Amino acid sequence: MNDTSLLVQAILAQAILAPSSDAAAAAWRQWRQDVDVQKLSWSALHLLPVLGHAQLQPWLAGDPDAGILMGIVRRGWAEAQLRRQVLQECTAMLEAGGVGPVMVAGPSAVFLQNQRSGSVRPLTAIHLAVPRHQQAAARQLLQNSGWLLEGVVPEPKALDWVSHTNFLRNGIPLKLLWRHLPVAPWRARCCEADLFAYAEPVMPAEHLMLSILTPTTAGDSLIPWQVDASLVVLTARQWESFQGLATCYAPAAFERLAELRQAGMPVPATRSPSRWAGRIETLVHRATRSLVTKAGRLRSIALTQPSPPPASSTAANP
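When we follow numbering that gives the first Met the number 0, the leftmost residue of the sequence shown carries the number 0, and every step to the right adds one.
One or more hints might be untrue.
[Said to hold, decoys possible] Label pairs and their calculated CB-CB ranges:
id	residue 1	residue 2	range
1	G243	P63	45 to 55 Å
2	D64	S20	42 to 52 Å
3	Q80	V36	21 to 31 Å
4	A135	V36	46 to 56 Å
5	Q37	V85	40 to 50 Å
6	E88	H132	47 to 57 Å
7	L6	G70	19 to 29 Å
8	D64	G170	20 to 30 Å
9	L6	R260	19 to 29 Å
For the record, the hints were derived by calculation from the structure and aren't laboratory data. The model shown is predicted, which means the values in this text are computed figures rather than measured ones. Here a beta-carbon is modelled for each residue, glycine too, at the ideal position from N, C-alpha and C.
Make the full structure from the sequences, and use the hints.
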């Protein structure tokens, strides 16, 4: 996207994030003035279903393009339900094959946790988390079910350095994870143990929020991270757990909390850890990765490491 497209996307996202109905309606009116519904971006087609039928209906009174816009929302609902069926089939297939626990993760978990009235978070990809010792069995079951492996399979000694493998079937991407955060390799196993401490079918909200707020996590290019964060509701106890997890595994996540507060989200006060400690560990991690990769010690690292997210607060289309 160019700068203008990013701005228009941010305005539509503001209609979702606004803390009051008046502010949301004002953002919507501005967005409608700036766009031609015949030339909507791919991101806008995915954000409109997040707004949902209930919120859009009063805004579309007298809009000559109301039918087109509501049609986009209905199509988003229909596609999400079809992909939900695929998600359920994959989960059931893995569990029937003796793999588990299987945890719905990432954007798929946001889809399931979304409690916004009349809203659906598009299932742009299926994300499933399975413990690392079950990865080989899970990959085989997926491939037997017609899922095509993309890229290379990380060698066993590389599993501390990378976090997932990618699959594709009928145009639907699937990410099979054993860890939800891009942590330093010396923290990998502890991070996984915390994630799978309880056999939850859906990623716990505090872990999910942390994966959303961690800047180096490869997010969804069609849905800004702020929107995903607004759809995940944490209790006071879960926010306390979030703070402990973020301090240990992703201190950079604290920097995004301020932006959520500015957007009007009810984020409790938190005590951020020393920035220097997190930055030093990040530098050491990068330097170690570079040395290991150049030495050819772990051939699969460079091929499976996700790219960093764009610098803009709203992601661009691929």
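Checked hints:
1. Against the hinted window of 45 to 55 Å, the Cβ-Cβ separation of G243 and P63 comes to about 52 Å, which satisfies the hint.
2. Distance hint for D64 and S20: a CB-CB separation of about 22 Å, inconsistent with the stated range 42 to 52 Å.
3. Between Q80 and V36 the CB atoms are about 24 Å apart, so this pair conforms to the stated range of 21 to 31 Å.
4. For A135 paired with V36, a C-beta distance near 48 Å keeps the hint of 46 to 56 Å intact.
5. Range check, Q37 to V85: Cβ separation about 30 Å, and the 40 to 50 Å hint is violated.
6. Between E88 and H132 the beta carbon distance is about 24 Å. The supplied range of 47 to 57 Å is therefore violated.
7. A hinted range of 19 to 29 Å for the beta carbons of L6 and G70 is consistent with their spacing of about 25 Å.
8. In this structure the supplied range 20 to 30 Å holds for D64 paired with G170, their Cβ-Cβ distance being about 28 Å.
9. In this structure the supplied range 19 to 29 Å holds for L6 paired with R260, their Cβ-Cβ distance being about 22 Å.
Of the numbered hints stated above, those contradicted by the structure are hints 2, 5, 6, listed in ascending order.
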